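Note that the protein sequences, when read in sequence, are chains H and U. As numbered in the numbering used here, residues 1 to 267 make up the first sequence, in order. As numbered in the numbering used here, residues 268 to 602 make up the second sequence, in order.
Just to be clear, a hint being listed does not mean it is correct.
[To be verified] Covered by chain H, per the in silico footprint, the following chain U stretches (three or more residues, Cβ under 8 Å):
hint: 1; stretch: 357-364
hint: 2; stretch: 372-379
hint: 3; stretch: 390-403
hint: 4; stretch: 571-580
[Stated by the list, open to error] Pairs of lysine-lysine residues, derived as DSS-like cross-links and limited to a Cα-Cα distance of at most 30 Å, are as follows:
hint: 5; chain 1: U; residue 1: Lys285; chain 2: H; residue 2: Lys253
hint: 6; chain 1: H; residue 1: Lys253; chain 2: U; residue 2: Lys283
hint: 7; chain 1: U; residue 1: Lys365; chain 2: H; residue 2: Lys6
Bear in mind the hints are in silico, worked out from the structure with no lab data behind them. Bear in mind that the values here come from a model prediction, so they are computed numbers and not experimental data. Using N, Cα and C, we set each Cβ at its ideal position, and we do this for glycine too.
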Amino acid sequence: MFTEVKRLIRFALHYFSANLQSAMEYRGAFLSQVVFMFINNLMLLFFWWVLFSKIETLNGWSFRHLLLLHALVGGAYACQALLFGGSFSLSRSIAEGGLDFYLTLPKPVLLHALISRSFAAAWGDLAFSLAVFFLTAAPSAGLTLCFLLLCFAGGVVMTSFAVLAHSLSFWLGRSERLANQLSEALLSFSLYPEGIFSVTTRVVLYTLIPAGFVAYLPVRILDEFTLARVGLLLCFALALAVLARFVFYRGLKRYESGNLVVVHAAD
Amino acid sequence: MAVIDVKDLQKVYRTKTKEPGLRGSMQALLRPSYSEVTAVKGISLAVEKGELLAFIGPNGAGKSTTIKMLTGILTPTAGTAQVLGLVPWEARRQLAYKIGSVFGQKSQLWYHLPALDSFRLLGSIYEIDGGEFAKRLAQVVELFELEEFIKTPVRKLSLGQRMRCEIAASILHRPQVIFLDEPTIGLDVVAKLKIRELIKRLNEEEQTTIFLTSHDAGDIEQLCKRVIVINYGEIILDASTSYLRHNYLTTKIVNVKFASPCPELKLSGVEILKHTEKGVKFRADTRSRSMEDVLTELFSQVDAADISVEEPAMEVIIRDIYARPAGEGEQHAAG
């Protein structure tokens, strides 16, 4: 078991390196994507800065909370886009026969499909996330480790949610747009402070669209660390990953392949 | 012992049907209707170790679906199959270490990276350790003559070079059986010849069993000893290539461009399709007269600047097989 996990990690690192090499083939495009993503994220914060310059708090959320929220969501998104970039196009792979390649190789199909792509622009999200975190929290080594763990857990939640949404294609046929809309809904809700939502909406955000586990709960953990909260977040991330895996493999039994021309090119 | 053993393999797809036009689309939205399409209708075949088998048929005949079932990509609706003693759709990952596959329309190479990087990644996927990988890579590079372009990004390779890399990538882990689905698709004549030569060497030097699908009659004639023809999901011929050659690949269309004008030409036993001062196009039937005879007679009258020979299209071969009296073309012993 341990050897198998070690092998899978080595295999994932190999893919990560190949994706990075592929992205860096076009130096100008790579660097500009990273820089513009960083600026794009800063612009979002700018609007919140304007708002919070007029009010102290928003239903219990201060500007500091909001900075931490954006750092955490940026980190979680970077984790999904850099490590599991295939989750953004799973639906297309299902509908167009793109899983054939992974099915002919001796590795787990879902993991292989997820790690096979990586988005260069997400390096900008990662840089933004770390910069905002360090400027906001003036962190210790322990807090930094905790932040990275929370980002990773958030990334797992986002990836698992995307896998569930994209797996609908096994039953509905081509439903890439629906899957992308669901993933974008998760991201959008994650970028707003929990305090502005009603209780009913919050229930949805801790269940059906789990923005609470990507953003709100992690902010609370950074604000006031308790093991119970960390445990809850990790358990939810793990459970969602297990559910996503289960649904994907149930769907895979319905997979019908396809005949489109396919090449491997990183974005 | 057969390395591939297939019995009554069947694949049925359920597809949505709709009437044409907007009204049809609206009806399908409210009340969808489905029909069943049988892509493979209970085929049976056995392939022995070291065989180089052609599995041919027109578009939509069921070739790719059969290969996808034999590689574990698709689960059949009915029937059984074993590849190297394993049921592909049940032991897919275990089987993947023992087989290789190349789908002509789907690349396994990274488009922006040199083929060498893809090879290294595949080495990691197949868990080939460093020393063994270096040794195997050197063998493959030599066998497929990749030295010149192995460090060039794949996007800059010609289609022929890319296909050589694709096949090389699929044999790094020393598969015992390799499935080649249309490996010469889209290639020019020179590249096709090179790929055929490499497939032959792979079969002879590494004793790899090769299951080849192709649309190109030339691939079969030059490479395989046995051919299985599939159409509408059914095997309509399982015979030796020499049987196919003598009975179905007999008509050739020959195009000759003259080196100097030749207003008059006499060729017996062929059907002249077009003749001008600059060239001639004719149809020859090798059953009535050998190509060597025809070309000898031709060259005794003219000097040729260029010459090309077209094989009959797959559709024509299939039509001929159906046109033969029942039983004549079916299940001829190969060899």
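Okay, the hints, checked on the actual structure:
1. 357-364: Coverage by chain H holds here, the residue count being 5 at a Cβ distance below 8 Å.
2. 372-379: holds (count 8)
3. 390-403: With 4 residues in contact (Cβ-Cβ under 8 Å with chain H), the coverage given for the stretch 390-403 of chain U holds.
4. 571-580: violated (count 0)
5. U:Lys285 to H:Lys253: The given pair, whose Cα atoms are some 25 Å apart, holds under the 30 Å limit.
6. H:Lys253 to U:Lys283: The hint holds at about 18 Å.
7. U:Lys365 to H:Lys6: Status holds; Cα separation ~23 Å.
The structure shown violates just one earlier hint, number 4.
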